[in-house]
Each structure stands twice: as structure tokens, then as C-alpha cells.
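Residue numbers (the working numbering), protein chains in the order written: chain A, 3 to 602; chain B, 8 to 319.
Worth flagging that the hints you see were computed from the coordinates, not collected in a lab.
Among the hints, a few may not be true.
Stated by the list, open to error - Computed list of chain B residues with no C-beta within reach of chain A, every gap over 12 Å:
| id | residue |
| --- | --- |
| 1 | Gly91 |
| 2 | Arg101 |
| 3 | Val130 |
| 4 | Gly146 |
| 5 | Gly175 |
| 6 | Arg203 |
| 7 | Asn239 |
| 8 | Phe301 |
| 9 | Asp313 |
Unchecked claim - Coverage of chain A stretches by chain B, computed from C-beta distances (three or more under 8 Å per stretch; other residues unrestricted):
| id | segment |
| --- | --- |
| 10 | 211-220 |
| 11 | 279-285 |
Stated by the list, open to error - Which bits of chain A does chain B cover? Going by a derived footprint, with three or more residues having C-beta under 8 Å, they are:
| id | segment |
| --- | --- |
| 12 | 41-48 |
| 13 | 78-89 |
| 14 | 125-136 |
| 15 | 377-383 |
| 16 | 569-578 |
Note that the Cβ used here is the ideal one computed from N, Cα and C, for glycine as well.
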Amino acid sequence: MRNLLPVLLRCVLLLSLGPLALTAQADPKVLRVLFEAPDSGFDGALNVNWYSAKVTEMIFERLLTYDYMARPAKLVPGTAEAMPEVSDGGKVYVFHVRKGIYFTPDPAFKGKRRELTAADYIYSFERILDPQNHSPLINFLAGKIVGLDAQAAQAQKSGHFDYDAPVAGLKALDRYTLRIELTAPDYNFPYVMAMPSGMGAVAREAIEAYPRQTNMHPVGTGPYMLAQYVPSSRIMLAKNPDFRSLTWDFAAGDGPNDAQVVKDMQGKRLPQIDRIEISIVQEEQSRWLAFADKQMDMDFLPQLAAPKVMEGDHLKPEYAGEGIRLDRAVDPGITYTFFNMTDPVVGGYGKDKIALRRAIAMSYDIKQEIALIRNGQAVPAQMAIPPGVAGYDPQYRSSIPYDPDLANRLLDYFGYKRGADGWRTMPDGKPLVISIAREPAAIYTEMAELWQRGLDKIGIHAEFPVSNFQDHQEAALGCKLMMWNSAWNADYPDGENFLQQLYGPNARQGNMACYQSPAFDALYKQAMALPPGPERYALYAKMNRQMEADTVWLVETVRVRNWVTQPWVLGFKKHPILNAEWLYMDVKMRDVKTRDVAAH
Amino acid sequence: MTAYIVRRLWQMVPTMAGVILMVFILFNWVGGDPAYILAGKMSNAAQIANIRHQLGIDQPYYVQLWIFLKQIVTFDFGASWSTGESVAHILETRIGPSLMVMLPMTILETLIAIALALGVAFVRGSLTDRAVMVACTVGMSISILVYMIVFQYWFAFKWGWFPVQGWGDSFGENLFRYAPLPILIGLAVSVAPTLRLFRSFVLDEVGQDYVRTARAKGVSERRLVWVHVLRNAAIPIITYVMSNLPGLLIGVFLLENFFSVPGIGREVIQAVDRSDFPVVKAVTVYVAAATMIFNLLTDLLYQAVDPRVQLK
Numbered sequence: 003m004r005n006l007l008p009v010l011l012r013c014v015l016l017l018s019l020g021p022l023a024l025t026a027q028a029d030p031k032v033l034r035v036l037f038e039a040p041d042s043g044f045d046g047a048l049n050v051n052w053y054s055a056k057v058t059e060m061i062f063e064r065l066l067t068y069d070y071m072a073r074p075a076k077l078v079p080g081t082a083e084a085m086p087e088v089s090d091g092g093k094v095y096v097f098h099v100r101k102g103i104y105f106t107p108d109p110a111f112k113g114k115r116r117e118l119t120a121a122d123y124i125y126s127f128e129r130i131l132d133p134q135n136h137s138p139l140i141n142f143l144a145g146k147i148v149g150l151d152a153q154a155a156q157a158q159k160s161g162h163f164d165y166d167a168p169v170a171g172l173k174a175l176d177r178y179t180l181r182i183e184l185t186a187p188d189y190n191f192p193y194v195m196a197m198p199s200g201m202g203a204v205a206r207e208a209i210e211a212y213p214r215q216t217n218m219h220p221v222g223t224g225p226y227m228l229a230q231y232v233p234s235s236r237i238m239l240a241k242n243p244d245f246r247s248l249t250w251d252f253a254a255g256d257g258p259n260d261a262q263v264v265k266d267m268q269g270k271r272l273p274q275i276d277r278i279e280i281s282i283v284q285e286e287q288s289r290w291l292a293f294a295d296k297q298m299d300m301d302f303l304p305q306l307a308a309p310k311v312m313e314g315d316h317l318k319p320e321y322a323g324e325g326i327r328l329d330r331a332v333d334p335g336i337t338y339t340f341f342n343m344t345d346p347v348v349g350g351y352g353k354d355k356i357a358l359r360r361a362i363a364m365s366y367d368i369k370q371e372i373a374l375i376r377n378g379q380a381v382p383a384q385m386a387i388p389p390g391v392a393g394y395d396p397q398y399r400s401s402i403p404y405d406p407d408l409a410n411r412l413l414d415y416f417g418y419k420r421g422a423d424g425w426r427t428m429p430d431g432k433p434l435v436i437s438i439a440r441e442p443a444a445i446y447t448e449m450a451e452l453w454q455r456g457l458d459k460i461g462i463h464a465e466f467p468v469s470n471f472q473d474h475q476e477a478a479l480g481c482k483l484m485m486w487n488s489a490w491n492a493d494y495p496d497g498e499n500f501l502q503q504l505y506g507p508n509a510r511q512g513n514m515a516c517y518q519s520p521a522f523d524a525l526y527k528q529a530m531a532l533p534p535g536p537e538r539y540a541l542y543a544k545m546n547r548q549m550e551a552d553t554v555w556l557v558e559t560v561r562v563r564n565w566v567t568q569p570w571v572l573g574f575k576k577h578p579i580l581n582a583e584w585l586y587m588d589v590k591m592r593d594v595k596t597r598d599v600a601a602h
Numbered sequence: 008m009t010a011y012i013v014r015r016l017w018q019m020v021p022t023m024a025g026v027i028l029m030v031f032i033l034f035n036w037v038g039g040d041p042a043y044i045l046a047g048k049m050s051n052a053a054q055i056a057n058i059r060h061q062l063g064i065d066q067p068y069y070v071q072l073w074i075f076l077k078q079i080v081t082f083d084f085g086a087s088w089s090t091g092e093s094v095a096h097i098l099e100t101r102i103g104p105s106l107m108v109m110l111p112m113t114i115l116e117t118l119i120a121i122a123l124a125l126g127v128a129f130v131r132g133s134l135t136d137r138a139v140m141v142a143c144t145v146g147m148s149i150s151i152l153v154y155m156i157v158f159q160y161w162f163a164f165k166w167g168w169f170p171v172q173g174w175g176d177s178f179g180e181n182l183f184r185y186a187p188l189p190i191l192i193g194l195a196v197s198v199a200p201t202l203r204l205f206r207s208f209v210l211d212e213v214g215q216d217y218v219r220t221a222r223a224k225g226v227s228e229r230r231l232v233w234v235h236v237l238r239n240a241a242i243p244i245i246t247y248v249m250s251n252l253p254g255l256l257i258g259v260f261l262l263e264n265f266f267s268v269p270g271i272g273r274e275v276i277q278a279v280d281r282s283d284f285p286v287v288k289a290v291t292v293y294v295a296a297a298t299m300i301f302n303l304l305t306d307l308l309y310q311a312v313d314p315r316v317q318l319k
């Protein structure tokens with residue numbers, strides 16, 4: 003019976019598929035990957051969906067990109083011939099676009115080959131400021147480029163962005179030379195130009211040919227092009243036959259698999275993989291079984307599967323013995339809980355309020371969160387900047403430990419007395435009730451229970467109002483949310499990307515704690531005036547200490563992702579900033595006789 | 008008959024108006040503001056206001072409601088706010104996979120439940136009847152999540168009878184390769200309660216005088232079951248089946264999600280998560296319309312099945 007049923011089903015299938023099923027998967031190299039959530043389409047300027055970004059990164063190219071192997075992440079030229087020429091103290095950047103890069107063929111080009119030019123980048127950046135596109139990337143360019151904001155303001159009034167009008171800060175000096183003039187020096191601007199999502203070049207004809215449908219018709223110059231798209235189900239990328247010559251040429255770092263990666267890939271022409279087939283599989287068991295069943299070539303282990311598959315930092319022998327490889331990568335991001343500094347209960351800068359926040363923070367057991375909720379797949383965060391991001395100091399230790407006894411003494415000292423019912427009151431005798439917002443997902447329920455246990459130990463009564471992300475975000479941006487657990491992953495590998503969320507002028511946008519500290523803001527401005535280097539990073543550490551002294555955030559964890567690849571997958575090393583590594587990978591040919599394995 | 012149908016169609020207008028109003032109020036009350044999702048990680052009040060303006064949700068409520076009504080009349084619900092895909096295309100491409108799972112499931116569920124209900128009802132109280140009822144109780148006590156996890160692990164992963172998950176390109180591949188396991192799980196969950204319900208319908212008829220009279224006249228058991236009893240039990244069965252049919256249009260979210268079936272159920276849940284009002288609006292209105300139409304068809308079927316029923 004065990005063998006009969008599959009045979010019968012296969013017969014039916016073969017009959018239904020006809021000749022297609024009999025065609026052996028011959029030459030094309032196929033990489034089959036999973037997305038755990040659906041994309042939102044492939045116009046990089048319109049969305050910041052992580053899964054969309056993996057695809058747009060393959061289709062659209064930025065002026066700058068990252069060295070695949072270097073850690074910490076290092077910028078290298080993308081479509082630019084070289085790194086930009088920087089002048090005027092970091093205010094002016096000049097890029098030279100490589101000649102001979104072409105967009106993939108599309109009816110919008112009316113049968114002609116369409117070369118990438120400096121003007122395409124000008125148009126692409128202007129699109130991000132166009133109010134009609136309401137691009138989520140707007141903050142990375144708004145206020146930065148001379149004349150661009152005025153153009154956007156005009157468009158807001160008229161309802162039409164004039165792409166033909168010149169912008170003083172965006173000039174094509176010739177067909178291939180782009181000059182960008184900033185409103186103020188910004189040493190992180192090259193990182194913005196390398197952002198995997200949204201900063202790639204689009205062709206104006208291709209955008210205008212598909213009004214309001216650009217999410218479905220991505221046309222870029224990248225190594226892959228969209229071959230098939232079944233929204234919420236399947237995405238297929240095919241190799242761009244017209245892609246320029248690019249050779250895998252990177253040096254090994256100190257990663258455990260680096261030598262093997264270099265050995266497998268060095269000198270190969272890119273891209274090696276002909277087709278990338280992406281399936282959207284949302285359930286953790288389905289994802290893991292699809293991988294274990296060899297239907298998929300790579301994935302990261304769901305947190306639930308990690309204890310079953312791993313022993314400590316390694317794969318269990320039965321999986322390692324099959325040749326499955328593990329790449330354990332620390333996310334360039336943190337999870338944290340913020341306090342609203344304007345809240346009447348926990349907000350304020352007086353010592354009593356700082357003591358209250360500190361006591362609350364000291365009651366939360368981060369190690370328990372990692373062990374119980376994250377199945378060991380995270381490490382405690384010590385500072386607001388995670389490992390792998392410039393400004394991270396491995397010697398830095400948080401001054402806010404888990405210590406309920408000390409928290410109790412602190413509250414006693416500052417007059418937060420326990421009442422007859424065991425709950426503490428405010429020093430003026432009013433009830434002390436804190437509110438930690440959460441979303442409905444199971445992980446937030448577990449975290450709320452952990453918070454509850456800690457707060458019970460220090461006698462603080464807490465409520466955990468449940469609502470959706472949008473409502474919490476709206477309240478947080480209005481400085482109306484008392485506390486909320488949040489997460490931030492690096493857009494670019496510089497600590498400023500994290501610390502800007504604590505900068506006073508960013509209150510009511512990224513600064514959800516609504517933190518206003520003259521000392522912190524002064525340090526931030528000082529740091530921004532310095533080029534990357536030890537002096538700047540020392541200021542980042544001081545800013546962390548200032549934030550801790552005021553106890554604005556409780557930084558909690560840095561998550562770990564365990565990427566697993568099948569034995570035939572070559573060249574994979576998780577990059578901290580790039581969303582997808584497929585361009586730099588290869589697959590050995592598999593013995594695939596039918597569509598059984600290749601099908602989703 | 009025509010007058011009856013026209014009158015029933017007219018009666019749908021106020022019902023639909025109620026549905027429209029309820030969807031509109033609920034979305035604006037508890038639906039969450041999509042601008043905060045679309046704005047990305049860093050956003051300020053001006054950007055949020057701009058997004059709201061672009062989506063038209065900064066308009067007065069009566070204007071938004073008017074637009075909603077126009078969309079229903081023109082069958083044009085615009086495009087998804089989160090992906091830009093046209094709502095018409097979403098419905099067109101996602102209902103097919105849902106139906107491919109739901110339709111065979113409903114047909115098989117109904118046939119199996121009717122056959123078993125007739126079988127056990129005539130041996131009421133016997134060991135067979137009690138065994139089937141115990142099996143039904145056990146089956147109903149197990150969550151669909153357990154069925155999905157266990158069946159997927161053993162039938163698909165361990166024994167290789169079915170693919171673990173997925174969806175293909177061709178009709179045959181989907182129907183014979185990918186749909187059977189979700190259908191099987193759906194049947195494991197749905198046959199038991201349906202069978203118990205149908206059994207009670209049949210039992211109601213078995214005790215009637217006309218059955219005793221027919222037996223006394225020497226009518227064979229087979230004719231008694233298939234002609235007399237089934238025909239009279241058909242009205243509640245039809246009511247039950249027809250009332251479930253609109254559900255075909257919204258699929259089974261859990262099954263679609265677990266087995267990566269690109270159906271409408273998964274799409275609706277995503278739309279709710281993303282506060283994607285155009286998709287939610289379209290699906291709600293179409294399901295409401297389908298429910299009313301199926302209710303009308305049910306009434307028409309009553310008359311076809313039982314000539315004693317008069318439609319007035």
C-alpha cells in the first residue's frame with residue numbers, strides 16, 4: 003500500500019500533465035527558495051516589504067552595493083564604475099555610471115536596447131519624493147538633496163510631480179555622470195545609495211508604460227528578471243541573458259564556511275543560477291518539511307524547528323550527515339521595549355521617574371525570553387547597536403541588569419510604596435498602573451506573561467492592551483503609547499541608523515519614545531559631523547550610556563537566524579544587509595527525473 | 008414564480024444595504040489605518056496625511072461610502088492598497104484554487120454523509136450505529152490543526168503519498184496531486200458533524216406514519232430508503248448544503264495556509280492583516296450577494312423536491 007498509492011497518483015498526474023511531465027529537467031540550474039510571508043509587488047520605491055526587497059534586489063541595480071564576503075559589511079561599486087568622488091566636506095557626491103549596462107527587453111522600449119544612464123537614477127530618486135507614490139523610503143532622501151524637497155512640495159500642491167524640471171542637487175553632468183549635492187554633509191549617504199530596497203534604477207518609459215501596475219511589471223538592469231508571478235503563491239526569476247559580465251571575486255573572511263565558499267565560487271561568471279523559484283509557505287511545519295523533503299534548497303530554520311534540528315550551535319548528526327549546511331547569522335537588528343518619555347506615569351526626566359523606568363526594566367528577564375520564547379535563537383543585546391553594525395562595541399555592557407531585588411529597593415527608596423493589596427502606588431499615593439501594548443500574535447502573549455511575572459515580583463500592576471500594529475503605531479507616533487515592544491533591523495550598517503530613533507527632532511516619527519535630551523542630541527549632532535571612525539563610534543557609546551542613564555529603552559535581544567542549505571547549494575553566506583544572496587550562489591546539478599522535486 | 012423571484016430580488020436590496028453599512032462601519036471603527044503600514048518604518052504626520060489623501064480615506068465618511076456604492080454598482084473595486092494588484096484579478100485568480108479544494112470536498116462530504124446517514128438510521132441503536140456515532144464524536148473532538156499536522160507529517164512527509172505542500176500550474180496537477188491531501192483533511196473534519204446532522208434528519212422521517220404505511224403495503228426497504236425517506240429528508244439536507252455553498256467563495260483559510268494553496272481564504276486574511284479595504288470590501292459584498300442568491304435557489308429547490316411547497 004505504501005508504494006502503490008504514490009504510483010497510482012503519479013500515473014494520474016502523468017496523464018494529466020502529458021508530455022510536460024516527461025521532460026527531464028535538463029540543463030537549467032534552479033534554486034528553490036521559500037518566503038515565509040507574501041511579497042507586496044516589485045516596485046522598490048513603493049514598498050519596503052522584506053520579501054519584495056529580495057526580488058527587487060535581483061531586478062534593479064544600485065550605484066553601490068556590498069562586498070559579498072567582507073564583515074563588517076563593506077561598500078563596493080554597483081553600477082558605478084568606482085566609489086563616488088566626495089567633495090565639499092561630504093556635501094557633493096559624483097558617481098560615474100558604467101557604460102554598456104542595459105535594461106531587460108520590454109515592450110516599453112519599443113524594440114530598442116535601452117542603456118542605463120545617470121538620468122535614470124535622477125528619475126528613480128525623484129519618484130521616491132513624488133507624493134503620489136507615498137514611498138516608505140522618503141525619509142532616506144527627504145531634506146537631503148538640494149532642491150528636491152521644493153520640487154516635492156510643489157507636486158503636493160499641484161498634484162503632479164514635474165520630472166522634467168531640473169533639481170539643483172541632482173544633475174547629470176553627462177550621459178553617465180551623476181552629481182548629487184546634499185543640503186548638509188552626510189557621511190552615511192553612500193549607504194543610502196546602496197540600500198537594497200528602492201534605490202535601484204528604473205527606466206521612466208517602463209514606469210509610464212504601466213501606470214499603477216509597476217508592482218507587477220518590474221523592468222531593471224539586474225541579473226534576473228521576473229518570469230512568472232502568481233501573487234501570494236509563486237515568483238519565478240529567470241537569468242537576464244543580457245546581464246553584463248561579472249565575476250565572483252571575493253576574499254574569504256573569518257567565517258567558518260568562508261574557505262569552502264571561496265573554493266566553490268572563485269572565478270565563476272555571475273549569475274550561475276538560471277532560474278530562482280520562490281514559493282510562499284507561511285506555516286512553519288510546512289516550511290521545514292518542504293526543506294527536509296528536499297522540495298526546497300534553502301531556508302532559515304523556524305524557531306520551533308531549531309531545537310529539533312540543532313544541538314547547540316550545530317546541526318544534529320543526522321542532518322549534518324546528509325550534507326545539509328548551516329549558516330548561523332546574527333541579525334543586524336535589535337528588539338527593545340521603549341518608554342514614552344511624555345507619559346504622565348512612566349515619562350519624565352526626574353530621578354523618581356528614571357528610578358521607576360529602571361526598576362521596570364530590571365524586572366524583565368531577557369535570558370528567559372531567549373530560552374523560553376525564542377528557543378535559544380537570540381543573544382542578549384547590550385547596546386542599541388547590534389553586532390555587525392559600525393559603532394557596535396563588543397566590550398560594551400548594559401548598565402541595566404535583570405535584578406528584581408535591586409528594582410524593589412530602588413522603588414522603596416523613591417517612595418513607590420506597596421499598598422495593602424501588594425501593589426505599589428505612586429509617591430503621591432495615586433495608583434501605579436503601567437500599560438504595555440502588544441499585538442495579538444502568540445509570541446507577544448508569551449512576552450506579556452514574562453513581563454507580568456517580572457512586574458509581579460516588584461509589585462507593579464500592569465495591563466497589556468491588545469491591538470493591531472497600525473493602531474499601536476498611530477498611538478506611538480502621537481506620543482500616546484506608554485510602552486511597546488519593537489524591533490529595528492539595519493537599513494545600512496552604521497549605528498546612526500539605530501540611534502536616530504532617539505534623536506529629539508525625530509519625535510513623532512521614528513523616535514517613538516518621544517525622547518528629548520539636549521545631552522543626547524548634542525552628541526548625535528557631534529557624531530554626524532564626523533566621518534566614520536573611532537572618534538564617531540566613541541560618541542555612539544556615549545549616546546548609549548545617556549539613553550541608559552535616562553532609561554528610555556530596554557534593549558533586549560539580537561536574534562539569530564539559522565540558514566540551512568541542501569548539499570548541492572554552493573556559495574551561500576548570509577550577508578547582514580543584502581536581502582538575497584542568490585546572485586553570488588550556485589547549485590550543483592541534481593539528478594531530477596521529473597517535476598516531482600522541482601514542482602512546488 | 009417570476010413574481011416571487013422578482014420580489015425576493017427586491018428584498019435583497021435592503022439586506023445588501025445593511026451589509027454595506029456594517030462593513031463600512033466595522034472597517035472604519037476597528038480596521039486599523041492602512042497608512043501606518045504603507046508608511047514604512049519611519050514616518051511623520053505629513054507623510055501619513057499624504058498617504059491617507061492618496062488612498063482617499065481622508066475624505067468625509069459619506070463621500071467614502073458613496074465611492075463604495077459606486078464600486079459595487081460598477082463591479083470595479085479598484086486595486087489592492089498594499090500590492091496594487093486589481094481586485095478583479097485577485098478574485099479571478101484566487102477563487103479557482105479555493106474551489107478546487109472546496110468543491111470536491113463539499114460534494115464528497117455530502118455524498119458520504121447521506122449514504123452513511125441512511126445506512127445507520129435504519130439500524131438505529133445497533134452496534135454499527137453506535138460505533139459510527141462514537142467515531143463521529145471522536146472525529147469531531149479533534150481539532151483541524153491536529154489533522155493537518157499529523158496527516159501532513161505521516162501521509163506526505165513520512166510515507167510520501169502526497170506532496171508536503173504546494174500548488175502547480177495545470178488543472179490536472181492541482182486536482183490530482185496537490186488538492187487530495189487538503190480535501191482528505193477537510194473530509195476528516197467535516198463528515199462527522201454532517202453525518203450526525205443528516206442522521207437526525209433521516210431519523211425524523213423514519214418514524215413517520217407514511218414509512219410504516221409503506222412497509223405495511225410491502226414496499227421494499229431499498230425503495231423505502233431511496234424514494235420515500237430520502238425525498239422527505241432532502242429539504243433539510245438541501246437547506247444545510249445550500250447554506251454552506253457561499254462558504255466556497257471564501258475558502259478554508261487554515262488549509263490554504265498550511266498547504267500553500269493560493270486561494271481566496273488566504274488572500275482575505277492577508278487583506279485584513281494589511282487593512283487592505285478594497286479587497287475586504289469586494290469579498291464581503293460578493294459573499295453576501297452569493298448567500299442571498301443561494302438562499303433564493305434553496306427556496307426554488309424546495310418546490311422542485313417537494314411539490315407540496317408553494318412559493319408565494
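Outcome of the hint check:
Against chain A, the non-interface label of B:Gly91 is violated: not every CB pair exceeds 12 Å, the least being about 4 Å. Chain A draws B:Arg101 into its interface by the beta-carbon criterion, the shortest separation being 8 Å against a cut-off of 12 Å. No beta-carbon of chain A comes within 12 Å of the beta-carbon of B:Val130; the shortest separation is about 30 Å. No beta-carbon of chain A comes within 12 Å of the beta-carbon of B:Gly146; the shortest separation is about 22 Å.
Once the 12 Å rule is applied to beta carbons, B:Gly175 is inconsistent with being away from chain A; the minimum gap is 6 Å. The claim that B:Arg203 lies off the interface holds: its Cβ sits roughly 30 Å from the closest Cβ of chain A, which is beyond the 12 Å cut-off. Separation of B:Asn239 from chain A is adequate, the least Cβ-Cβ distance of about 39 Å exceeding the 12 Å criterion. B:Phe301, annotated as away from the interface, keeps every beta carbon of chain A farther than 12 Å; the closest lies near 27 Å.
The Cβ of B:Asp313 lies farther than 12 Å from every Cβ of chain A, with a closest approach of about 40 Å, so its non-interface assignment holds. Only when three residues or more bring their CB closer than 8 Å to a CB of chain B does the claim for the segment 211-220 of chain A stand; here the count is 5, and the claim holds. Closer than 8 Å: that is the beta-carbon criterion, and the segment 279-285 of chain A has 5 residues meeting it against chain B, so the requirement of 3 holds. With 5 residues carrying a beta carbon less than 8 Å from a beta carbon of chain B, the segment 41-48 of chain A meets the three-residue requirement, and the given coverage holds.
Here the segment 78-89 of chain A counts 0 residues with a CB under 8 Å from a CB of chain B, which misses the bar of 3, and the coverage is violated. With a cut-off of 8 Å between beta carbons, the segment 125-136 of chain A has 3 residues touching chain B; three or more are needed, and the interface restraint holds. Counting residues of the segment 377-383 of chain A whose beta carbon lies closer than 8 Å to any beta carbon of chain B gives 0, which falls short of the minimum of three for the stated coverage. Remark: the segment 569-578 of chain A is not confirmed as covered by chain B, as 0 of its residues place a Cβ nearer than 8 Å to a Cβ of that chain, below the required three.
Violated hints, listed in ascending order, are 1, 2, 5, 13, 15 and 16; each of the other numbered hints is respected by the structure.
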